[in-house]
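Chemist: Given chain A, put chains B and C in place with the hints provided.
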Amino acid sequence: MEEGIVVLYDVKDRIATVTLNRPEQMNAITPGIRSQLAETMARAANDPQVRVIILTGAGRAFSAGIDMNYLKSRSAGAARQAPKADDPNFLPSIASGLGPDLEDQFTEIQRFSYMMRIGKPVIAAINGPVVGISCVLALSADIRFASDKMIFSTAMSQRGLIAEHAIQWLMTRQMGPARTLDLLLSSRRVSGEEAKYLGLVNDVFPHESFMSEVRKYASVLAQNVSPRSMAVIKAQVWKSMFQSYKEALAVSDHEVGLSFDSPDFKEGIAHFVEKRAANFPDLKPKA
Amino acid sequence: MEEGIVVLYDVKDRIATVTLNRPEQMNAITPGIRSQLAETMARAANDPQVRVIILTGAGRAFSAGIDMNYLKSRSAGAARQAPKADDPNFLPSIASGLGPDLEDQFTEIQRFSYMMRIGKPVIAAINGPVVGISCVLALSADIRFASDKMIFSTAMSQRGLIAEHAIQWLMTRQMGPARTLDLLLSSRRVSGEEAKYLGLVNDVFPHESFMSEVRKYASVLAQNVSPRSMAVIKAQVWKSMFQSYKEALAVSDHEVGLSFDSPDFKEGIAHFVEKRAANFPDLKPKA
Amino acid sequence: MEEGIVVLYDVKDRIATVTLNRPEQMNAITPGIRSQLAETMARAANDPQVRVIILTGAGRAFSAGIDMNYLKSRSAGAARQAPKADDPNFLPSIASGLGPDLEDQFTEIQRFSYMMRIGKPVIAAINGPVVGISCVLALSADIRFASDKMIFSTAMSQRGLIAEHAIQWLMTRQMGPARTLDLLLSSRRVSGEEAKYLGLVNDVFPHESFMSEVRKYASVLAQNVSPRSMAVIKAQVWKSMFQSYKEALAVSDHEVGLSFDSPDFKEGIAHFVEKRAANFPDLKPKA
Numbered sequence: 542m543e544e545g546i547v548v549l550y551d552v553k554d555r556i557a558t559v560t561l562n563r564p565e566q567m568n569a570i571t572p573g574i575r576s577q578l579a580e581t582m583a584r585a586a587n588d589p590q591v592r593v594i595i596l597t598g599a600g601r602a603f604s605a606g607i608d609m610n611y612l613k614s615r616s617a618g619a620a621r622q623a624p625k626a627d628d629p630n631f632l633p634s635i636a637s638g639l640g641p642d643l644e645d646q647f648t649e650i651q652r653f654s655y656m657m658r659i660g661k662p663v664i665a666a667i668n669g670p671v672v673g674i675s676c677v678l679a680l681s682a683d684i685r686f687a688s689d690k691m692i693f694s695t696a697m698s699q700r701g702l703i704a705e706h707a708i709q710w711l712m713t714r715q716m717g718p719a720r721t722l723d724l725l726l727s728s729r730r731v732s733g734e735e736a737k738y739l740g741l742v743n744d745v746f747p748h749e750s751f752m753s754e755v756r757k758y759a760s761v762l763a764q765n766v767s768p769r770s771m772a773v774i775k776a777q778v779w780k781s782m783f784q785s786y787k788e789a790l791a792v793s794d795h796e797v798g799l800s801f802d803s804p805d806f807k808e809g810i811a812h813f814v815e816k817r818a819a820n821f822p823d824l825k826p827k828a
Numbered sequence: 542m543e544e545g546i547v548v549l550y551d552v553k554d555r556i557a558t559v560t561l562n563r564p565e566q567m568n569a570i571t572p573g574i575r576s577q578l579a580e581t582m583a584r585a586a587n588d589p590q591v592r593v594i595i596l597t598g599a600g601r602a603f604s605a606g607i608d609m610n611y612l613k614s615r616s617a618g619a620a621r622q623a624p625k626a627d628d629p630n631f632l633p634s635i636a637s638g639l640g641p642d643l644e645d646q647f648t649e650i651q652r653f654s655y656m657m658r659i660g661k662p663v664i665a666a667i668n669g670p671v672v673g674i675s676c677v678l679a680l681s682a683d684i685r686f687a688s689d690k691m692i693f694s695t696a697m698s699q700r701g702l703i704a705e706h707a708i709q710w711l712m713t714r715q716m717g718p719a720r721t722l723d724l725l726l727s728s729r730r731v732s733g734e735e736a737k738y739l740g741l742v743n744d745v746f747p748h749e750s751f752m753s754e755v756r757k758y759a760s761v762l763a764q765n766v767s768p769r770s771m772a773v774i775k776a777q778v779w780k781s782m783f784q785s786y787k788e789a790l791a792v793s794d795h796e797v798g799l800s801f802d803s804p805d806f807k808e809g810i811a812h813f814v815e816k817r818a819a820n821f822p823d824l825k826p827k828a
Numbered sequence: 542m543e544e545g546i547v548v549l550y551d552v553k554d555r556i557a558t559v560t561l562n563r564p565e566q567m568n569a570i571t572p573g574i575r576s577q578l579a580e581t582m583a584r585a586a587n588d589p590q591v592r593v594i595i596l597t598g599a600g601r602a603f604s605a606g607i608d609m610n611y612l613k614s615r616s617a618g619a620a621r622q623a624p625k626a627d628d629p630n631f632l633p634s635i636a637s638g639l640g641p642d643l644e645d646q647f648t649e650i651q652r653f654s655y656m657m658r659i660g661k662p663v664i665a666a667i668n669g670p671v672v673g674i675s676c677v678l679a680l681s682a683d684i685r686f687a688s689d690k691m692i693f694s695t696a697m698s699q700r701g702l703i704a705e706h707a708i709q710w711l712m713t714r715q716m717g718p719a720r721t722l723d724l725l726l727s728s729r730r731v732s733g734e735e736a737k738y739l740g741l742v743n744d745v746f747p748h749e750s751f752m753s754e755v756r757k758y759a760s761v762l763a764q765n766v767s768p769r770s771m772a773v774i775k776a777q778v779w780k781s782m783f784q785s786y787k788e789a790l791a792v793s794d795h796e797v798g799l800s801f802d803s804p805d806f807k808e809g810i811a812h813f814v815e816k817r818a819a820n821f822p823d824l825k826p827k828a
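Listed in order, the protein sequences are those of chains A, B and C.
The opening residue of the first sequence carries number 542 in the numbering used here; numbering runs sequentially from there.
The opening residue of the second sequence carries number 542 in the numbering used here; numbering runs sequentially from there.
The opening residue of the third sequence carries number 542 in the numbering used here; numbering runs sequentially from there.
What the hints contain is simulated information worked out from the structure, not anything from laboratory work.
No false leads were slipped in.
Because identical chains share one entry, a pair is satisfied inside a single copy or across any pair of copies.
Calculated lysine to aspartate or glutamate pairs in the EDC-like style (CA-CA distance at most 16 Å, straight line): (1) LYS807 x ASP823; (2) LYS825 x ASP588; (3) LYS757 x ASP554; (4) LYS787 x ASP645; (5) LYS690 x GLU754; (6) LYS827 x ASP588; (7) LYS690 x ASP744; (8) LYS787 x GLU644; (9) LYS553 x ASP588; (10) LYS757 x ASP744; (11) LYS690 x GLU734.
Bound-form chain A, shown alone (with noise of 0.2 Å):
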């Protein structure tokens, strides 16, 4: 099946935005919508005018899970659609050298989980109905932000299915088992209201200055912090979530005589001293 253009990228000010482009199907995932996304993040990550990606989607929805015509024919019977064989040069292609090594955690091309491999931020613009699979990109993110007009819905137990590509964990880690079990169990519908009080999302807009929000806050993070320590910070914070104290403790002893020897802590110190706008320096591109 040719899809044609289903992701569209575009940067400005610093801020790569990521779409979601099938409009009329409300961006459901297809095999064509998971690669060119992949290719596209691949893109964002190793763009050095971009030092943040804002993932949404296109019209009035966000991403309403799998395409219906592909779970229909797994009903019936059809074999399963095969995932693409993961492409082994993916994920070296993606990640920023910097920070802890994630090891093998997080390293799924297919369900989205190398989102927390780049060394950028990645922030889920959820201006609409995001549901099942969708669910699972849109917590692959590092920050979700939703629009009045969201809403989410896990629907796997409404269709006979389970806790799909790990979202029973990817959930409990930002809201606990009661609240994880609430929304899987039930696959009810929470609004971007009640989702930013279960700790799904980050913050809630009002639809009409969704975007213009989200940039505002994209742009904090685009001028006034280090590239550099944004891309050593998400690494640790992912990583800490495998770790006791002690092992997180010594990540932070071991990066931050790194950082010491960074341009950007210098940067850091002598905006700061002379109490001007701060001017980091963009990531490199790898060798």
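Modeler: This is chains B and C only, laid out in the frame that chain A set:
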């Protein structure tokens, strides 16, 4: 001590209601409560008519902790209450046979964690005061709703006791260490509204309509979603508390393969495509 | 550099108040602050008159991070500030001898995690701005209260630094990865009200009545509950962060057996039965 019937069982609309029934003693926990509760939960677990279990208390309290007659005799130097030796047939008798194996976690009969092993959601409907070990009981449910007349108090530090029955684990996983320390150190009384804020309960309802609100929620689980999905998802969520992302993902992948062959998946797609109410099969009785 | 007395100590009504006292420098962290804080905390830990410890700052700030004189000299290439070699007698000197062994976790003197080992609750009373490493200090307390004039900012990404001193671990355990990433990546300023919402502080009080509200809370711990219970429970909660349910349960069972033999348990039952105020014994000084 003969206790009579201290735990009631009722089934209606696929919802079992299990009621602690010592209202004059505020449903304080006795050996009889413990053993009848286990028996009644096993009955609900194995009743094919039952898809959801509500646990509540008769009268004005949910449960006021250990019966003080037992505590006083301990304090006076009497022999400690010997818990009935745990029946090796009990855990197999409640197992759903679905979802990942919880191994040696949540195996306690005396301390209620067997409830995590039941393949049906257990909803604690906390209708009034919940104190001491009864907080452990409530925290062993999957989902908690509070009446606005609920009062939660661990009370252990007021009794010269410690964090009993792994309540420190149960609480930190729902609400983090600082909120847990606040409540466990102070034994202060928490209202339903605050309990919701703290992540201790999922929601709070007015006392007048409390049980009807809880039943409304339970009906969604009883009518709209797959019993098989709920059994698997519940085990996945509790199991994920001990897993890395990668381990949780392996469980998801194993379980989704099994679910594709289930009649629940077929019905899950069919009712969606046909835009009609779901009609999922009951869980099969164990062989 | 001679620093004079930069940490104050005061005891009243069983509550020790430990005050960072460099108000002209917004209580910025220096070697003197670090060592005097450790000494003062050890004093409070061993003072039988003391049941609760409040940590706060003199003047308008809680603590404004590392003293910039140290950072500037580092940035200019000077030798890194050598932390005083950690005294091997320090951790034994603050240990309560009660509750589970924290083993090799929370052993840091320079980075404040020794406070988790003190057998008395440490309450951070965050009276104003808290920045950088001082956020680590606040997060190493058991309970945090914020004045409505508090401003919290990690600042590390603005300085070209990384997640220092295991702050990524301390924050994710209180508030999950997404909220942690938001604050650590952006270094944005968080108010007391928002900090409460995020789970970063337990509660927020108006600045005018701030210390009296904090003392009111501390009085509950000082008067109503068992010092022995608090010592054990605190260690249980922090230990549980590294434990499975089953491991935490084993600690509970071991500790409850010990508590049954304590005078605190006897008094805990007696004051309840006699409906009078509790009169728990002080912690015994160590041999």
